[in-house]
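Colleague: Residue numbers (full-length UniProt numbering), protein chains in the order written: chain A, 1 to 342; chain B, 1 to 342.
Calculated from the structure, these hints are not laboratory results. Treat the hints with caution; some may be incorrect.
[As the list claims (entries may be wrong)] Taking lysine to aspartate or glutamate and the EDC-like style, the derived pairs with C-alpha atoms no more than 20 Å apart in a straight line are:
(1) Lys294(B) with Glu238(A)
(2) Lys294(A) with Glu287(B)
(3) Lys294(A) with Asp147(B)
(4) Lys84(B) with Asp147(B)
(5) Lys335(B) with Glu202(B)
(6) Lys294(B) with Glu287(A)
These numbers come from a predicted model, not from an experiment.
There are 2 protein chains.
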Amino acid sequence: MSKQLQQQFVHQVIGHKPEHNRLNASKSVGKGSAPVNIALSKYWGKRDTILNLPTNGSASISLPGLGTETQVKIISATKNHQDKVSLNGELLEAEAPFAKRVSNFLNYFRGNSHTLFEVTTCNSVPTAAGLASSASGYAALVLALDDLFEWNLADKELSLLARLGSGSASRSLFPGFSVWHQGTQTDGLDSYAEAIETQWPEFCIGLLEIDVKQKPVSSTQGMQNTVETCALYQAWPEQANRDLQTILNAIEEKNFSTLGKTAEHNALTMHATMIATWPPIVYWQPESVEAMHKVWQLREQGVEVYFTMDAGPNLKLLFLQTEKPAIKQAFKDVKILEPFKH
Amino acid sequence: MSKQLQQQFVHQVIGHKPEHNRLNASKSVGKGSAPVNIALSKYWGKRDTILNLPTNGSASISLPGLGTETQVKIISATKNHQDKVSLNGELLEAEAPFAKRVSNFLNYFRGNSHTLFEVTTCNSVPTAAGLASSASGYAALVLALDDLFEWNLADKELSLLARLGSGSASRSLFPGFSVWHQGTQTDGLDSYAEAIETQWPEFCIGLLEIDVKQKPVSSTQGMQNTVETCALYQAWPEQANRDLQTILNAIEEKNFSTLGKTAEHNALTMHATMIATWPPIVYWQPESVEAMHKVWQLREQGVEVYFTMDAGPNLKLLFLQTEKPAIKQAFKDVKILEPFKH
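Bound-form chain A, shown alone:
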């Protein structure tokens, strides 16, 4: 049932059934690359778990130089009749969670049950920075499929397909800021992300490496538990959409204070819904809390810096170029990125 719905969604987006994919013999390899993104107003909670439809819209910024490069080709039957998936140069077992997720996603795109794919994917994401590679991963895979099959889909359709792999992947197709529209339709065709044109050269992001361990709870599982057991969550969608609007306005007006405050408050509110979930979801580590207090101390001293956190223990600092020296001094190991400087 759920597979049928997803299949139907894919047909609607690419405009035909996958068995009618034209494969140009000269185009044996499809290529795609996509950046990771950091949500400034968060996605937490699905109104439809089958089509990955969110309870609220969200906005993000893509990180320059960090992301995923993927190649995909069709291969003739393999021994075990499985796709071949390699990650960062290593061929994965068909049973590996990553390979299984990729193969499940590829099910929507096979011409028939005999079509098999070889997927070669490389993340330039330092795993220690706690950046979600699934967002850039699905975005890059969708771009590679679009290239392979020469669909020539527009950004909107690419975003819709990436969303089906991982919600936040819908936002990973663009550099700079982007916004994922919540959408209202049950068919999910109006829930996609698009680029925000604003360039903001002074905008800086500081990555703090806090923990390299794997997440104790996956985002998908975590947000489902929150929706089901956290009474406070009922107020989240409304606040999230209000924050989104505030952040979109702040980007347009280049009002950094409003953007920073709203992003930090939004991230803490998302984490609050996790903390009030049972069993509790506390992604925070002692070092996370230490860094938070340090950020607040810096603000008290007049350094305008805010933070955001995704479903993990790592803080991402938000500040303008003028504060770079202060940030470097306060956080020795911070990795500073400037999304609008190429």
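Since the structure of chain A is provided, determine the placement of chain B on it from the hints.
Modeller: Structure of chain B alone, referenced to chain A:
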């Protein structure tokens, strides 16, 4: 205006105006002592800031051997026409915050504007354990006044008066478990605590000392900010009252698992509302989060231990006697209390 309302409330509770207090010449000193208490389901948010009326009911357990002893007497005019307040053997300046709070509270009980009090108060609360001394403090002071003026008030009236000093003080008049009824009246006369008779000799509390620094935000200020800026807070009163009922049932049935889970979830939900406040209220220190993860690890290993936290960084562990050895081993510096063993 607010002073009048409070004065009127006090008159209603003690049954007469303070100028009609009878003072028995032979009774020159009033004495009172009261325990600190730890809320199992929390008080966070006032529906009436003048009369200290809560948005929800709460339940607590008093700690044996930790609390406040207070003596109060009427003195003849002092040089600066101020009360004399000493805390832990030290006479405080009239301008000291503690002395001012006590004098403000005593305003309700002066026969006329010339009545002055000498208050001598001693806390046996290790300040490092982060236990609220204001709860035991106001409860002891009310008991001392009742003794001095020979009002012979019942528990209910004593609790109403203590509540006016500090909400959680309403629960600090009894050993063992107690419940503070939210009440519905605008005059506040039905919002008081009473003892729960259940004895539970196996019940243990473990105090972890995490931080000795003073609170960055007072509870009063903190809860007001939460009510005003935290969107998630709207769901709190209902959850808090549901948790309270669950905890009262669990106490009656001596169902420790339900009590522990509900108390921990309730405390984390209260902290979640603080975290989602702007500016954020994060009482947690790195050591708090470290201890939380340790508790969850212990539970995964089969040790049934839960925690609760008040408006501060310290964890209070909840467990039954059988787990004492495991707790002592996991937390070297834990101070274990057994509220029902005398």
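Colleague: May I ask which of the numbered hints given earlier this structure violates, with the numbers listed in increasing order?
Modeller: 1 and 3
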